[in-house]
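**Student:** Same order as they appear, the protein sequences are chains A and R. Residue 405 is where the first sequence starts when you use my numbering, and the numbers rise one by one after that. Residue -4 is where the second sequence starts when you use my numbering, and the numbers rise one by one after that.
Among the hints, a few may not be true.
[Unchecked claim] Stretch by stretch, here's where chain A covers chain R in the computed footprint (C-beta under 8 Å, at least three residues): (1) 10 to 18; (2) 28 to 38; (3) 90 to 101.
The set of hints was computed from the structure by calculation and includes no laboratory data. These figures come from a predicted structure and were not determined experimentally. C-beta atoms are modelled at their ideal positions from N, C-alpha and C, and glycine is treated no differently.
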Amino acid sequence: MKVSLNQKILSRNEECAKKNKAFFKENNVFCLNVISSPGSGKTTTISRTIKDLGDQIRIGVVEGDIKTDTDAQKIRDAGGEAVQIETHGACHLSAEQVYNAIKALNAEKMDVVIIENVGNLVCPSAFDLGEAARVILLSVPEGDDKPIKYPGTFAEADTVLINKIDLMDYIDFNLERVLADIRVVNPDVDIFQVSATTGEGMDTWYDWLMDKKNKG
Amino acid sequence: MHETAVAESILRTIIVEGDKAGAKPVSAIISCGQFNAINDEVMGFAFETAAMGTTCEGMTLDIKHIPLRARCKKCDTTFEFDVYKPACSQCESTEFDFESDAPLLLETIEFEENE
Ligand SMILES: Nc1nc2c(ncn2[C@@H]2O[C@H](COP(=O)(O)OP(=O)(O)OP(=O)(O)O)[C@@H](O)[C@H]2O)c(=O)[nH]1
Ligand SMILES: [Mg+2]
Ligand SMILES: [Zn+2]
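With the rest of the complex left out, here is chain A (with noise of 0.2 Å):
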């Protein structure tokens, strides 16, 4: 006997991401989901963003990791609030997890929520989070062949930063290259060169989110 349903297989996360969603518009709160290869920069980004723009607008910290809190701890040492999912080997942040979150954050009473999501280029753009906005890092020594290689999360992502362009210099990326590529899969995608430790492009980002949480 056969069963035909065609269901889609992560709708429970689906479900909640929606919840997510919802939570996020009806408390007026924009919220990032930042998605990196291990070491891109995510926590260096989200600290300096922190440090900049903490005396405008309030911004809460969801940390994934598969192990330890330091990330939290890192943002709270930049003078964020942040709260820890430890993941426990999972390769992925769910809606689930972040529903809870959210709520031990008491986001309700942010401006801006970011998500960093557990290090890894792959596995986290198939879960939804309710995000309003998907921020890729790509960082400069791992590589301009990471676009064409991992398509999917380019595809999905609303802004691209380029981190680490102070290594510029020493590395032998090809910026035209990533470029072109991004463009490939994303024609439309924002795309900011940053370096979140010297501080250099993090302006044009800035603006970007501010422009698009004023706009909700």
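Based on these hints, arrange chain R with the ligands on the given structure of chain A.
**Tutor:** Coordinates of chain R with the ligands only, in the frame set by chain A:
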């Protein structure tokens, strides 16, 4: 990697459907797009592992990969997108829009016949 979450999700549905049908599941077909990044080997292993000790143990899982289609902005041709040759199949233009990528779907489940 994320195949584990996908496997667990499929398994939950198959067990519910199996209870409804009152029969043992023997195989299932899932389909996915190009952007869900489902690897057949990893998916098969994740499902096999998740199914251990359940009514789904020993089931087979078939995975269909649905190509991603794009529409050329110049000549309006629709073609199968290929990352190795990202251009229109007709006029070679590199300006095109993607049609939506296929979602992850549990298409069918096959159960043992009950007499
Ligand atoms: N040179 C340089 N180093 C940077 C920059 N941004 C981050 N780093 C360094 O890169 C390393 C990793 O940065 P993190 O911010 O921890 O990266 P992450 O993406 O949060 O890492 P995971 O959470 O482990 O995935 C740290 O040593 C940072 O100081 C940058 O713009 N330039
Ligand atoms: Mg981090
Ligand atoms: Zn054409």
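**Student:** Just to make sure I understand the rule, a stretch counts as covered if three or more of its residues have a C-beta closer than 8 Å to a C-beta of the chain. Does the stretch 28 to 38 of chain R meet that for chain A?
**Tutor:** Since three or more residues must qualify, the claim that chain A covers the stretch 28 to 38 of chain R holds, with 4 doing so at under 8 Å.
**Student:** Confirm or reject the coverage of the stretch 10 to 18 of chain R by chain A under the rule of 3 or more residues with a beta carbon closer than 8 Å to the chain's beta carbons.
**Tutor:** Since three or more residues must qualify, the claim that chain A covers the stretch 10 to 18 of chain R holds, with 3 doing so at under 8 Å.
**Student:** Are there three or more residues in the stretch 90 to 101 of chain R whose C-beta lies closer than 8 Å to some C-beta of chain A?
**Tutor:** Per the Cβ count (8), the hint holds.
The structure is consistent with each of the numbered hints, conforming to all of them.
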